[in-house]
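Trainee: Here the protein sequences line up with chains A and B, keeping their order.
Per our numbering, residue 1 is the first one in the first sequence, and the count goes up by one each step.
Per our numbering, residue 544 is the first one in the second sequence, and the count goes up by one each step.
Accuracy of the hints is not assured; some may be wrong.
[As the list claims (entries may be wrong)] Pair ranges (Cβ atoms, derived):
1) A309(A) <-> A656(B): 37 to 43 Å
2) K679(B) <-> A309(A): 38 to 44 Å
3) G992(B) <-> R454(A): 55 to 61 Å
4) G344(A) <-> A696(B): 44 to 50 Å
By construction, these hints were calculated from the structure, which means they are not laboratory data.
A virtual CB, placed ideally from N, CA and C, is assigned to each residue, including glycine.
Number of protein chains: 2
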Amino acid sequence: MTSWEEKAAAKRAALAAAIPAELQFSAEQLPGPDRLDVSKVPAELLPAEVVAITELTASELVAAIAARKYTSVEVTTAFIKRAVLAHQLLNVFTEFFPAMALKRAAELDAILAETGKPVGPLHGLPMTLKDQFRVKGVETSMGYVAWIGTPEAENSTMVDLLLEAGAVFFVKTNIPTSLMCPETDNVIYGKTFNAYNRTLSPGGSSGGEGALVSMKGAPLGIGTDIGGSIRIPSSASGVYGLRPSHGRFPYLKVANSLPYNEVVPSVAGPLANSVADLTLFTQAVLAGKPWTYDPRVVPLPFAPYELPARPLVFAVEFSDGLVTPHPPVLRGLRLAADALRAAGHEVFEIKPFDPATGNDVLLRSWTLDGGEEINSVLDASGEPGIPEIKPFINGYKALNMMELFEFNKDKLEYKTAFLEYMRDLRSPSGKPIDAWLRPVMPSACVPAGKFKYRYLGYTGLLNVLDYPCVVVPTIKCDPAVDVPAPAPADDADELEKLTHADYDPEVYKNGPVGMQVIGGRLEEERTLAVAAVVDAAIKAALA
Amino acid sequence: MTSWEEKAAAKRAALAAAIPAELQFSAEQLPGPDRLDVSKVPAELLPAEVVAITELTASELVAAIAARKYTSVEVTTAFIKRAVLAHQLLNVFTEFFPAMALKRAAELDAILAETGKPVGPLHGLPMTLKDQFRVKGVETSMGYVAWIGTPEAENSTMVDLLLEAGAVFFVKTNIPTSLMCPETDNVIYGKTFNAYNRTLSPGGSSGGEGALVSMKGAPLGIGTDIGGSIRIPSSASGVYGLRPSHGRFPYLKVANSLPYNEVVPSVAGPLANSVADLTLFTQAVLAGKPWTYDPRVVPLPFAPYELPARPLVFAVEFSDGLVTPHPPVLRGLRLAADALRAAGHEVFEIKPFDPATGNDVLLRSWTLDGGEEINSVLDASGEPGIPEIKPFINGYKALNMMELFEFNKDKLEYKTAFLEYMRDLRSPSGKPIDAWLRPVMPSACVPAGKFKYRYLGYTGLLNVLDYPCVVVPTIKCDPAVDVPAPAPADDADELEKLTHADYDPEVYKNGPVGMQVIGGRLEEERTLAVAAVVDAAIKAALA
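All chains, please: the whole structure from these sequences, using the hints.
Mentor: This is the structure:
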């Protein structure tokens, strides 16, 4: 019998063999490990034409392809090259299938040449997928040794709809074992790293997507989020991400941990290099009427949101009162708040309603089965998984049915109280809010393999509440500016002390910081429109 | 310690005492028990003015009150009188609070007199509530002895929104113990009967509502439905009912069995005497923005559906292939299909996708906890409940968490396959359907206390699928026409044989028969608009 180590090694070797030598740079060409910020390496090493194409956003690319400035083959070839370089620098890929992509790109080019019409809003656009998404003929190991070896018989519904819209998929990307971790590491592929500081993780669980989009190895990628897994990598890699409400996008035929745990469901959403690209994705997926495929999707077509002519109203939360964010996180959020005020909007500070109860509901939702499902997949191959998930999957007892009802009761009561709080919230000038601004994590980024605390309350609370969140990048950590705050009092909470102790300005150096722009449930269009205003204000302030 | 029998008797006595003697008819005035059809009794016994008011529909009444033809006090007084007579004939009430209602009606009259404007779309309209709905100061025993004795501190959200819209509540109505039964009976209040044949039940669980609305003791009532509990009483009492999609109307602060069982949730909806009144209710509730109170409600304002100019396309299902409906049920549905064809619409016959699997999912969803929750409420007082629920609550084992995940998987796969089936369904002329027509039950009505089989597949499947259903009345059972069908073959399914054996034309005599008009998830407006077309065709055929 083959050991799990041998199976993992064979899978790694198969991935390496799938990357043609002519696409790879030699060790001499690549920067050494002492170069931490590799974000500019593609522009230095790749041909100018490849750089010119890959620096465009998804929205710019689909316009250029539709206008026949570039063919899909040209664009796809350019992103394949840049993605391979990103992989060599950061270890991003799980499955690589460029031949399939180029064949499809050529078909799309032929259709456009013949009909003069794009097949859909994403005609010819190369895209990437978190490893959970199924592609016919490609494997979905999700970092589990036990799942190696079965090519998929069909696509995830999301993949089908995006193909219908004209997307071209060429690679799937790395995740943490079980997905239940804000880093990216597993026994098959190992760790993925951060483009801006290679001692940092790109976050997780959609860490491969975040890293690849930040390197512009992909103009648009898809992740999933059950506690922050789109938002943490978006923030850590300095890109944009949308965690939609449950029921807005399809999740059918997507591999997952606890896939049939419905109490706080995972959702799928995009990572990209602009708010406009997140909106393009939203429009493209909804044009495919996902509610006619996935019974969980609400029949809500894309409805463009027109911003009101009046100043917008923002509630900003610097700390949830449980865990104080690190100095760069606070600086980024303050910059955004000040920039919005400077642009004429109303911004006022809030503390959210009882985040401790929300955190408790979140944790109980993740550990409903006492780790049985994840452990059974680990046991099937004998692999140990990664150490980060151990306390999480082995520290809880499965609920019985009456305990589940009790959990559902607590969840509903919390969501109801929070909804009431948000409904009645008024600014100092007496206005209801357009959006709620909030940190993504207490820290900027996650030191790779060294994450000392697992406070996911800033993102996870929104999974409990199921409000749409757009991550917008703010600043990068700067040791010269982001000096440590005074230590918390001796009687402070242990997590608060641990978080404070973890902040070393040099460790986080150059790490990107994002923030969340949060709207009302199923109001993706409005949240995206308001996030674009926040983004423009931040860019103006940084310019 | 007081026995459960004494507590139940005291509660019955309290209800009797709450009905002023001057509102009651004497035993001599009332028809004897040999008069089975009492539907015309109110018109015979009540003053002409009371009859004139109470024969109006809800839509007509709110227009008349807004136009100051009647005051709310006049209308409420009239319905109180008619409701008391209905209660004397059919045993409908659980809680009766006319003084509270008349005080509110007077307040609404004063507001209208002063401002000239109705407070909302239901200004001054008397309404009734299934006992589950909470009203401040009124008890919610739900037929359970253990729950007697605690006046509510606050209203259900639905009650609050309807009050905001101008409704006047004056009575709550009877249900079966635990609600999980298509009849209406419990140890406190006993059986409720059918207006058209007092040996029949009005169905259940919203049986009190069905009976009262059919007697025009209320122009508009509210029930709930987790397997047919709005639709079965609507059909059995010859009235109209809407089972909305989950997430369209609020269910917050409503008493229930297994209230935190989320796998196939109960929904709240109206019973009334016209499709227009169901639409009025829908509009009134959605105008109150229920999604700002109940986090489960989807933010979908009422969107009037305009019927297309083309002929509509209907798929009609006479039998699900598992249990053949009784002759009157088939006759009613055939009449509707023929009437629609005569009106120029396209009607074609279908068999639905794998109803056996749908039934299995439904049954598992009801018995998730192995009866623990319901048994614990029965045990709290020592009451036995009603015999009909025993096999149901004691015949199953509680699921563990992995079994729940397995259940969720089966449910999702079934719903997905069904959605695909409905999406791709085409009429003989190649068109997608506007609605699916289906029986409500295999039988017309339910002989009181004698329901021999519990086949709820015709309604329950739609709870699994979560599609909106409107019940429209068709015919009444006629022994001269509805002769028994030939017996099923010896090797037929036991349930099929039992159902056939149960059909005795004399037993069901004069019992109303309804049918379901079924639309797509969350398409309440469209389903109501199409149901109005079906209703008009049936009325034309019967005229």
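Trainee: Against each hint, give a clear statement of whether it holds in the structure.
Mentor: For each hint, the structure was consulted:
no.: 1; hint: A309(A) <-> A656(B): 37 to 43 Å; in the structure: holds (40 Å)
no.: 2; hint: K679(B) <-> A309(A): 38 to 44 Å; in the structure: holds (42 Å)
no.: 3; hint: G992(B) <-> R454(A): 55 to 61 Å; in the structure: holds (58 Å)
no.: 4; hint: G344(A) <-> A696(B): 44 to 50 Å; in the structure: holds (45 Å)
Checked against the numbered hints given earlier, the structure satisfies every one of them.
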